[in-house]
Structures are given as C-alpha cells and as structure tokens.
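Residue-level listing of the chains:
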Amino acid sequence: MRCPINGLRPVSEFQYAGEIRPMPDPDTCSDAQWADYVFNRNGAPGTKKEWWLHIASGIWFVAERDTAADKVLNTYLYGEVPQS
Amino acid sequence: MPFRLLRFAGASRYPEGRMFRAHETLRPAYDVVVIGAGGHGLAAAYYLARDHGIKNIAVLEKGYIGGGNTGRNTTIIRSNYLTPEGVAFYDESVRLWKDLAADFDLNLFYSTRGHFTLAHTDSAVRTMRWRAEVNKHLGVDSELVGPEDVEKACPQIDLSCGGHAPILGALYHAPGAIARHDAVAWGYGRGADRRGVEIHQKTEVLGIDVRDGRVTGVRTSRGNISTPKVLCAVAGSTPRITNMVDIRTPIYIHPLQAMVTEPMKPWLDPILVSGSLHIYVSQSARGELVMGASLDPYELHSTRSTLDFVEGLAAHMLDMFPFLSHAKINRQWAGMADMTPDFAPIMGKTPLEGFYLDSGWGTWGFKATPVSGKTMAYTVANDRDHPLIEGFRLSRFAEYELTGEKGAASVGH
Amino acid sequence: MSNRLPPVAGEWIDRAVRIDFQFEAEPLHGLAGDTITSALSASAVKAIGRSFKYHRLRGVLSLANHDVNALLQDGPELNVRGDVAPLRNGMRLASVNTFGGVRYDRARILDKFAKLLPVGFYYKAFHTPRALFPFWERVFRRLTGLGALDFSTPHIRTPKRYDFCEVLVIGAGPSGLSAALAAADAGAEVVIVDENARIGGSLGYQRGGLEASAGALRELADRILLHPNISVRTGTFAAGYYADHWVPLVDIKRMTKMRARAVIVASGVFEQPAVFHNNDLPGVMLASAAQRLIYRYAVKPIQSAVVLTANEDGYVAALDLLANGVKVEAVVDLRNATDSSDAATRLEQAGVRIHRGKGIYEARAKGDGVGAAVICPLRADGVLDDEQQQTILCDGILMSVGYAPAAALLYQAGAAMRFDETVQQFLPQTLPEGVLAAGRVNGVYALDDRILDGRRAGNEAATMLGYMAPAALPVARAAISPSHPYPVFDHPAAKNFVDFDEDLQLKDFFNAAQEGFDNIELLKRYTTVGMGPSQGKHSNMNAIRILAKILGRAPGEVGSTTSRPFFHPVAMSHLAGRGFHPLRLSPLHSRHEKDGAVFMQAGVWLRPEYYRQRGKLKQEIVREETMAVRKSVGIIDVGTLGKMEISGPDAAAFLERLYTGRFANLKVSMTRYALMLDESGVIIDDGVVARLGEERFYFTTTTTGSANVYREMTRLNTMWGMKVGIVNATGAYAAMNLAGPRSRDVLAGLTNLELADDAFPYLAVREAEVAGVPARLMRVGFVGELGYEIHVPADGACAVWDALTQAGRVNGIRPFGVEAQRLLRLEKGHIIIGQDTDGLTTPFDASSEWAVKMDKPYFIGQRSLKIIQRKTPRTKLVGFMLDAMGENEAPKECHLVISDGNIAGRVTSIAFSPSLERHVGLAFVAPELAAEGGRFFIRADGGRMVQAAVAKIPFYDPAGQRQKEAKDSQAA
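Chains as they are written, first to last, in my numbering: chain P, 1 to 84; chain G, 1 to 413; chain X, 1 to 972.
Worth flagging that the hints you see were computed from the coordinates, not collected in a lab. Small disclaimer: the values here were computed from a predicted structure and weren't measured. One thing to keep in mind: the hints can contain errors.
Unchecked claim - Pair by pair, the computed Cβ-Cβ distance ranges are: (1) Val604/X - Asp269/G: 47 to 55 Å; (2) Leu206/G - Ala32/P: 39 to 47 Å; (3) Phe135/X - Gln15/P: 32 to 40 Å; (4) Pro474/X - Ala22/G: 42 to 50 Å; (5) Tyr78/P - Val604/X: 24 to 32 Å; (6) Glu433/X - Gly79/P: 29 to 37 Å; (7) Arg138/X - Leu6/G: 21 to 29 Å; (8) Leu6/G - Pro6/X: 53 to 61 Å.
Stated by the list, open to error - Stretches of chain G that chain X covers, calculated by requiring three or more beta carbons in the stretch to come under 8 Å of a beta carbon on chain X: (9) 56-68; (10) 123-134; (11) 157-167; (12) 206-216; (13) 257-270; (14) 358-371.
Idealized CB from N, CA, C, for every residue including glycine.
Work the whole structure out from these sequences, hints included.
As structure tokens, this is what we get:
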C-alpha cells in the first residue's frame, strides 16, 4: 500500500479503521438516523473511501479501495483533493 | 459391524441414487424461496417441509451446495456462550445436532470431544467463570477448570505457551464437538429434496420484487419466480441481498482464514481455543489438524489467502505445541464472515413483509446450523419470530438492545 | 542386488560417497546425491509403501513428489517425501501408515474388502447404533492418519529471510532458463528458483538416448551460472503466490519471502497416469519417473518394460530405456496414426515392437510388482476391446499419456485459465499484470519453442520493467496435443486408480456422480480427489476428464477446483520463524526484581502483582501491602499507564469532545477524572487529566488502552483539524504512586515543593524536582490515602524510586503491587475499566453519571446517551458487603446475582477488606435490587447462595478525608 507520505510499504505496516462515514448532525437528526449512523454499515462490496493508518509513522490517510478485488485505487491525505 | 456396507457387496450396479435432484427449469411460483444452499438455507427448507408442511420451496444457490462458509469453517460445535439468549439458542442446536445423523441416516462424524477455552490472564479467567456460571444456570455442562485439567486432557500441551502466555485456567465444555461440515449440507439437502424441496445450483439471484411493502418475487439468472416469502441465508453475501430490498444492516464482511496440516496419527482429543494466542485447533477424523485464528483485519469480499495468516498461526501453534515443528501445513483457505457489532446473529422478520433474514453469522454460524434452520422455518411458516431468536432481531440496534456476546466469541477480533 | 547403472553423463550422485541407511529395519546403502526413493530403487526395493485406504503395495510413480507412494517416517520427522528428500547417513526409515511394516501390513486385508468400501462408504454406516460411533471413530482415526508425531521434538526456530528481485523465474527447465537469460541480458536483476537439486528440468532427463540434450543443458547452465544478473536457487520451491508478487520460497533450511516486480511461471507440467486395472502395481510408473531414475541417479528402473504412450515423449523414454540396458518389450500407442517424430523413427529402427491403436487393459501382478501387461485394441468410442487380449511379459510399465500444467501459482495470482482443445490443457487466457507464463505450463511443448517462449516471457518482463522496448515473439503452442483426451479405461475388477493418494478408482467417480455430486467442487468433496497430500497433482486432470465424460461436456465446461497454497506442504517451523514476543518492561523493572516481585502480564507489560516475602502466602502479603498504605506509606509503579500530552489553542476544546467531562473550565494546575465513551455510549477508557497551562494538558489512559486511545485521537484530529499537537509520551515517562498518611513526610525531604494542603491541595498538579529529577506530581484519590502520583522522565525513574524508598525506610515504606492496588481502590469503590465494565456498560450502568456533562455542546457518545437515557435502565453497578465469612465461602468475580431463579447481574470485583474486616465488592444488579440497604443473593461455588447487602461507596473513608487532608503527618 502507498502511504501518501512514505510511499509504498508492506500492508502489515498499516491498520484499517473502517469506511469513512459522514456523521449526521447530532442536534438535528432523529434517533433512528443516529442509530443508523452508529450501527449500520454499507456492507456490500464496492469501491470505498476508508480510514487507514500507517502505523510506523502515525499518519492517518484515506484509501480508495475496491473491496471485492482488494485493489487500492488511490491514497491521499484527508482533506486533500485526490489526484487520479 | 457396519452391516449396511454389505449391500455394496452383491450389487453389480451401484445401489445409490441421487442425494439431490437436478432440475431443468425453475417453476414460475413457489411458496417460499430460500436464497443460499448452505447448511442454514437447506436446514430451513428441510424443517419447513418436514415440520410445517410447506414443500413448494426453491432453494437458490449461485454456486454449489455447501460451497460457501458451510464448506470452509473449522467445524466446531459448542454452546458455551456468554448470554442467556445465546446459551439457550446454541444449546438447542447441540440437542438437535446429536440426533442429526439419525434423522438423515448419514454419518456426519459428529464427535463429542470436549472443548477448552484457555485463559492466559486474570481477566480471561474471570470471563471464563462468567460463561461457566451462565452455562450452568441454563443447564449447560461447562465449568472453570485449572491448568492441571487442561494438561490431563492434552498431556502434550506446553502450559507455559513458550513461556509467554502461561495457561491460568480454562472454560471446559464437555459437549464441545466437531463434525464433517460438507455432510451436514448434504444431509439437509437430501432430506429437503426427498420432501419435495427443489434445490437449484448455479442459480444467482439478481433482484427481489417488492410491491406495497411486501415481497412478490425473485429474479434469477435462470428466470423469474413469483413468491410471497424470501429467506436470505447467504452469510458473507448478505449485504448484496439486503441492498436489493433497501434494508440497512450493521453487517460488515471480513475474510476468515483457516489452514490444515497433513494427516498424522491421532494425538489431540479435545478442541482447544486460546483467546490470547488467537488460535483454535482440533484434529479431524482424517488426522489433520484443522486450525483457525482471528478475522482478517479489514473488509474484503474475497476468499483469498495471505501468508501473514499462516505465519502468525504457525508461530502461535508452536508456542502451545512446540513438537509440531516438523508437521507441515498442506493447505489454507478462507471464507467471508458476516460480522455484527455484538457478535450475535441477525435473524427473523424484517420491515419488509415476506423478507426474512438469517444472517450475521460471523465466526459462529456452523454450530447453529440445525437451530437456525428450525427457528427460521418456524418464523417463515408463522410469519412470527421464534421465541429463541427474539434477542437476535434486526431492530435491536436501533433500540440500543445489543446482546452481550462479545466476550464469548472464541478468538479476538 | 543393485540396479545402479555405470556412470551416466550429468548424473547427480557422487559415487565416492557411500551412505548407509535403514528402510523398514533392513540395512541398505546409497550414494551422496540420492534421494530416499532413488536409493531404494538402486537397492532393488520395489515396494516402498502401502496405500492409504486399501493398503495395497506401492512403488515409484512420479519420483517427483507429485504423489506420496513414498511417504516415510524418519525418526521425529513425519511424512517425509521419499522422492525428493536427500538421503542422509544413518537414516532409519519406515513407510507411514502400515500396521506391521510394508511387507506384513496387517491392514492389507482391507484390499479384499474393497467392494464394501466404495466412495463415501463412511457416510453410509457407522453412525448407527449411536453408541458404537465413538468406537468406529477411534478405528478411523487410527487408520487415516499418516505419519506419527514425536512429542519430544523441540520448538525449532527457523529464522525467515526477506528478499527482493526484479524478475522471479519459477522453474529452471529450458523455458525458465531461457526466460531468465532474456530478462538478465536486458539488464534486469533475476532470481531463478527450482525445487530440484540441479537446474535443467526435463532437459536433463528427456534425452531419447542421446547426449545432445545433456550438452545443450550444460551450455545453458554455464551461461546462467556465470551471468552477473542471475541468482540461482536450487532445492527451493515457490510455495504460493500472494498479493503483489509476494512469493514464499521454501528450501530445506528456511522460508525466504520474496517480493518481485515481475514473476515468470515456468513451472512445467505434471505427467499424468493412465487409468487401467492394477495401474498402481510397483513397476508401473510415469515415463518421466524412469527417466529421472536413469539420468539423475544412474538407476536402472526396471529390467523389461512395456511403454504406454500417446505422444512423442513415450518414444523418447523408450529410447532412454534402451540406451541404458532396459529391454523394451513393446511400445503401446493409444493413437492409430504413426508417430512421425524422430524418436519414434529411431525406435522403430531399433527393432522395438510398436502397437498402434491399442491400450493397456490391465497390469498383471507377479510377486511384489508387475509381471505382465495385457493390451487390447482401442475402439473408436474410447473403450478397450477386451475380447482381443494380448499378454506381454514385463516387470515394468511406463505411462506417457499426457500432462497437466503445474499452474497453481498462476491460478493463485488470479489468472483466468481456459481449456484449450488443441493442446488438451488448461492454458492461461488472461494474466494479471506482472505475471507471465512460459513453456509447457503455457502449452508450448517442442523444445525449441519452449526456449523461444521463455525468451518471449523474459523480454516481456524486461519491457514491463523498462529495460527494453517491446519485442514481439510469437508463442507457438503445441499444434498436436501431447495429452491423450481420455487415457481412462474401465475394468470389471476395478482397481484402476485415478488418485493414488486417496485410493480412488474410476468407478468411485461414476458412483459419486450417480449420487448427485456431479459438479467438480462437489465431486472433489465427496470423493476427496485431490484432497490428499499431493493435492491433486497427478489426479485432478483425470478427475475433470472423467466428470466431463459423465456429463457429456467438455473439460473446459467442467472447470477445476480452487488452487490454494501451498504448492508442497511447508513445515510449521519454517512458517513460524523465530517468533516475536514483544515485552514491555517498566524503567523500574530491575528494582522490582530486586525486591522479589511476582510479575503478571498487563497487555504486553510486566507488572508486579505483589512482592514475595519468605514464608508468607500471597494473600497475607497482599493484605500487608494494603495495610502499609493505609497505616503508613507504600509505593507502586504505575508507569504502564498511557501518558498523553496535548497542547495548542484547541487543546481544551479537543478534550471536551473526547471525554464526557468538562475540561474547558479546569483550572491550571488542577486535575480531573476523565471518562471516555465510544459512539454508542459505551465506556471504553478512563484516566486523569492534568492542566499544566492554558493550552497544555497532560493526561493518562489505562495501560491496555493507551495505544488505541492515541490512535483514535490522532484519527479524530485528522478529521476535526483542530489546532492541537498530540504526543504519546507513554514510554517517555515513568510514574509511581507514593501513597499513605506518611507519604508527605517521605516526599518532603526530596523536593523544594511546598507540600502543605493549602499550597498543594487534593487534585492539584505541580511541576517540581524530586531527588533532583524534574517531575510532575498529582494528588490523586485512586487508593484513597494522602498520596502523590509522581511522573518523571524514564531515565530518571530509578533515581527517584531509590530516593523515595530510602527516605521512606524510617516509615516502613513497602513497595506494593497490582493486587494490593486493586484491593485499595475497591475499598474506595473505584471502577476498573474492563473489569467493572464490559462491552455494553454505559455510564448509567456504571453509576458514573457524575462524570458525564450532558449539557456540553458535543462529546463522543453523547447523542447515544440521550437515546439510552430515555430507556428503562437495565442494570446498575452497586457496592455491596458480605457478612463475615472465610475466603473459601465468599463468592468470586463473575459469580452471578440470582433473583427469583433468574440471572439478575454478576459480581465484578470482590475482596476481603482488612480495614473493614468484611468482604466488599462491586456488582451489576437489576435496578430493583440496587436500593441502598437492599439485599440480594450471589450464587457462589457449588451453587451455594450467599447473601449480600447493597452498601454505599466508598466503603472506606466515605467522606474522602484521608486523601484530602494529612491528619497524621508530622510535617507542618
């Protein structure tokens, strides 16, 4: 996998932290919407934006990964516009 | 004396017929469609036909019978769970397991071996005691034992685990057993088939028709079916199916790997699990050591294998059984585990009328094959959740009523 | 009697070095360079094992580890593959899975009952009567295991290696060697691996009785071995293909994990057996096995042969036999047309009788092995006409009827394979990037074409890596298939084997299909074809052909089963490596050891549980340590706690979001308890936050939670983008808690810091030097006595600890461990995360609402708590006390609370309090049982019900005076 800062590193140096899911506004959302955010997941295969950590350097970043083919399509720092 | 084998002696023609018929076409309509011909789906079909008189059933399988997690798991059967609803559920399963070979007239190699969940820390010992107490309360035979009892059952074990994680005690569960996983699917399949259920392999579900909030039919790669009831029992493919009907669930899919040694002469009688070392192991009737560990740490819809997995598991195995140095790993494989936040399944009715879920089986599905079949059959037939599965309803998450099972799933996640 | 030939060009043996060994207690000898099987063959040992199910005598089949006819026990080493295991002096070998040795195996009687033991027989019986199943299971277990474990085998720690290369070539046959040269010539760094002891592959043994190929091989070998860009690893096999060209290379010593940038699979093919009655008699072998015996080990495989063939290679093999003194009685060609190859022509000129359009109907036994071959004409429908039988005397039968690709690694890499009708082989149709195939595995058979195909692949790899421009070379796959489409022949007496590992006969497949197992996956699982130790190398292709015939379809439609690692089984010691067991030791570890600490594991840390005292039991010692703290002073190492620093303009705001409590209003130089939840409102961690400045905080986490908390904080801030810097200082600081009424006295002499209550009140934090080491001191209440938690840089820890223990001697200072600390905090009713909380515990359950400020704008878990708040409470953590009773009578942690025969909670912590002289504890109970003064029952060991009384916490010093004021201090 390619750490946006450190480059290509073995997958064992990284930790997965789930799909990036936007949090609804806790002040305005309904209980059902909040529970859906806390518990439900987009479980089907597809290309997802995920939180990954490069453990050795402590860098959190975004990986776009095809979760069926296990192919990382892109990695970039959170908040950056991804280069294709 | 296995006298039954004598019928093979005289016969000039092999005297066995098909266990499950092959069907040229799908019928236009069925009373129930089961998606997934694994152990769970076939069991549900079997009990629907046998106990509820519903026989116009199609079980649709995109691959081959038992080709999913049913054929990939490490075949451990136990009921030493943590919560009362879990214990009651799996205990009923063990009860059904014991009679299954007789029901099917098929040898499942159901072998009661005794199951040890090893505790290497104080907190693990506490959790084992918790499980033992809940088990005993519900009449399930489990108890907290000391390292000397582990050694008595498995004299070859290194109690210190290489000096790194000494065994302080264990949860001993006498009814713990193993069985031949494929045979369970075949047994349920044949039993269902004999009662008129149609099993359609190589038939993929492409869509589910819904009108006015109820199921009306299923679209498949071999044609369309109309049906008022659909039971989804597809393990790792659950989210694909629930997406077809816009039902959201907490299920997330991670690969679960396993590996097996070459066959060796019998030496390991009990089933052993270690939460600290992240391993579980048993010796099959063929003499192979069947081993598993934790889930892969990221979502993936694939049954690919990794080298990390075998390396890590081999290292931990040698900690516990140093004399396995020369034993060789023959093969590794993987299944796709449908995980839930509370390590308990998601079963029963859903907000969509006529759509039933048997899912969220994570790493605990094989042992539940009989009871899930039975309870889902009841649920589908009566359109009402069976009492044993009420704790596993989909709505429990929105209700913040999660089960407390996380402490009983054998290996760390 | 010896079958050793006079010296053969290119032989692998060293005739000067004799090796003595035993096989089945018979003393034999071989030569250096022999494998076990070649040495046995040289010693004219025909029967080398017994088969798995029917215990039939078996001899050499592939001599390539594509079958396990030769599976042996060598002392503690089990399941040794005779075909490839090097012979060593003093080996004492026996075949596995016999009952009385190969010759007198008592289980051979099973062969007589074969009819009663058809495919899947074990599913049809043995389960009734139920009571007898355990007996039958024991029988099965004894019969099905192969080698035996030696329990005195030590834990072998085989270090692993890592390696990198640009092009990995798997297989050093002609195409592999050619590929390696092409890539290396272009400039790429190449590693070539081959499982055999020497390179060359089939070029070394398919000679057709001529020296030409040996010469060609020598030339190639020289170029390879001298090439600066090529590294050759023999005796090494590629065990599997993993993502991103990650290939474990396994040799006898170790596993090397190779990362390549391109992989060329030139692994060749597995020669396939023909299926006919008694095709498993010793003496019936694959043609390539005979050739390997001759040219590698100078062993005459048999005396007189019948060669069954369907390709040119059979003729080549016949010529090899002739050239080395074997009488070739006949060549039986399944094909009608005359083979026009050079080899066939030369063979005919040599006067060997060639039968065309015929096949072998059965092999007849004589003694241990083959005595004759019975041949019949082959009808157009593929069935042998058994009305016209001709018997040819011989003591060996060679089979050269076709091949299956050794494509495991291609499959594992994700190649799409397609069955090619011309070549009669599954061939790669699409290959993933960076993976190439060359040679016979790619369907290229003529020698010159293989060399060309290797070059093509090498060029493609070099091009991909940027070493050369694309240079198209045409791939010439075999125009005439070297594989017979159906070398499978029925026989009324069966015993025509498809899978030699699993003892599967032709009818087993028909029977399985008849039972409905008629797709390739179900067929495999029901028959177990390919599930034995060879994983189908010699059997999968025939199984596919047979199923195709049954279904009336093409093999391509039938497909194949999933290919999985490993290519050959790999020893656990190779996989495990040296093992890595990280252990974290406190900077004060040496002091604990000196003080006689008994250590326990807390995560990867070692912590003192208590400190040994001669003649005293643990219980007594823990009590003493506890009372020392209550009465005088104790000191404990709490350095395993997570220690975090956060600074910046948004530091307070960050903590407000992270924890349930309020920290924005925490005064500088004060501390506050902190509770952390997850998004579902469940407690996950706790600690103490100290404010060192407006924008500077120092806070602790639990020992086992520190790494996770730090990671989560950095993730959150990646998202929130607040102006903070977060540092995980866990390893940088040591920490110790000096606690007890005399603690101030002990500390006073070692610091200039004002210690009076008004200068340094309870819950305050101060920065000052202690024993000359800069420290952070916090007055915390965990154990409920006047005390100071002192945090110092790790390298100053020992100096401070030593100074404190020295200064405390006059007050009888005792180091105390985790057990005593647990008891002390329990007397104060403090919860321990993970012991008094579980995966479902919310602050409401844990009676920790006081730490939760619901009116904050946002904190993690808040929104869920709002939902939970409106639900009926399900449980409550309460303090309880027991009536006076002995240790053995008292309940233990996790004993259940029982109410009306139902489970109503459980004990989470319990201990005998020396201060109160009663057992106290914490328990989750149903809310209706939680009223103060109420009573409930706990089911203890043996089912005994023990009554407990709900008690207000803290049990000890309820007003918390002792930690706040120093009443007994001698200092002012």
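task: Can you let me know if the beta-carbon spacing of Val604/X and Asp269/G is within 47 to 55 Å?
output: violated, 33 Å
- prompt: According to a criterion of three or more residues whose C-beta lies within less than 8 Å of a C-beta of chain X, is the region 157-167 of chain G covered?
  reply: That given contact holds, which follows from 3 residues of the region 157-167 of chain G lying within Cβ reach (below 8 Å) of chain X.
- request: Using the Cβ atoms, figure out if Pro474/X sits within 42 to 50 Å of Ala22/G.
  value: holds, 44 Å
query: Counting residues of the region 206-216 of chain G that have a beta-carbon nearer than 8 Å to any beta-carbon of chain X, does the count reach 3?
result: Check failed, 0 qualifying residues.
- prompt: Is the hinted range of 39 to 47 Å satisfied by the C-beta distance from Leu206/G to Ala32/P?
  reply: violated, 30 Å
field: Verdict on chain X covering the region 257-270 of chain G, where coverage means 3 or more residues with a C-beta closer than 8 Å
entry: Coverage by chain X holds for the region 257-270 of chain G (7 residues, Cβ < 8 Å).
field: C-beta pair Leu6/G, Pro6/X: status relative to the range 53 to 61 Å that was hinted
entry: The hinted range 53 to 61 Å holds for Leu6/G and Pro6/X, with Cβ atoms some 56 Å apart.
- prompt: Is the gap between the beta carbons of Arg138/X and Leu6/G within 21 to 29 Å?
  reply: holds, 22 Å
field: Outcome, coverage of the region 358-371 of chain G by chain X - at least 3 residues whose beta-carbon is closer than 8 Å to one in that chain
entry: violated (count 0)
task: Apply the coverage criterion to the region 123-134 of chain G and chain X: a residue qualifies when its Cβ sits closer than 8 Å to a Cβ of the chain, and three qualifying residues are needed.
output: n = 7 at 8 Å, threshold three: holds.
message: Taking the Cβ atom of Glu433/X and the Cβ atom of Gly79/P, is their distance within the range 29 to 37 Å?
response: Between Glu433/X and Gly79/P, where Cβ atoms are some 31 Å apart, the hint holds.
- prompt: Using the C-beta atoms of Phe135/X and Gln15/P, is the stated range 32 to 40 Å upheld?
  reply: violated, 50 Å
Consistency note: the structure conflicts with the earlier hints numbered 1, 2, 3, 12 and 14.
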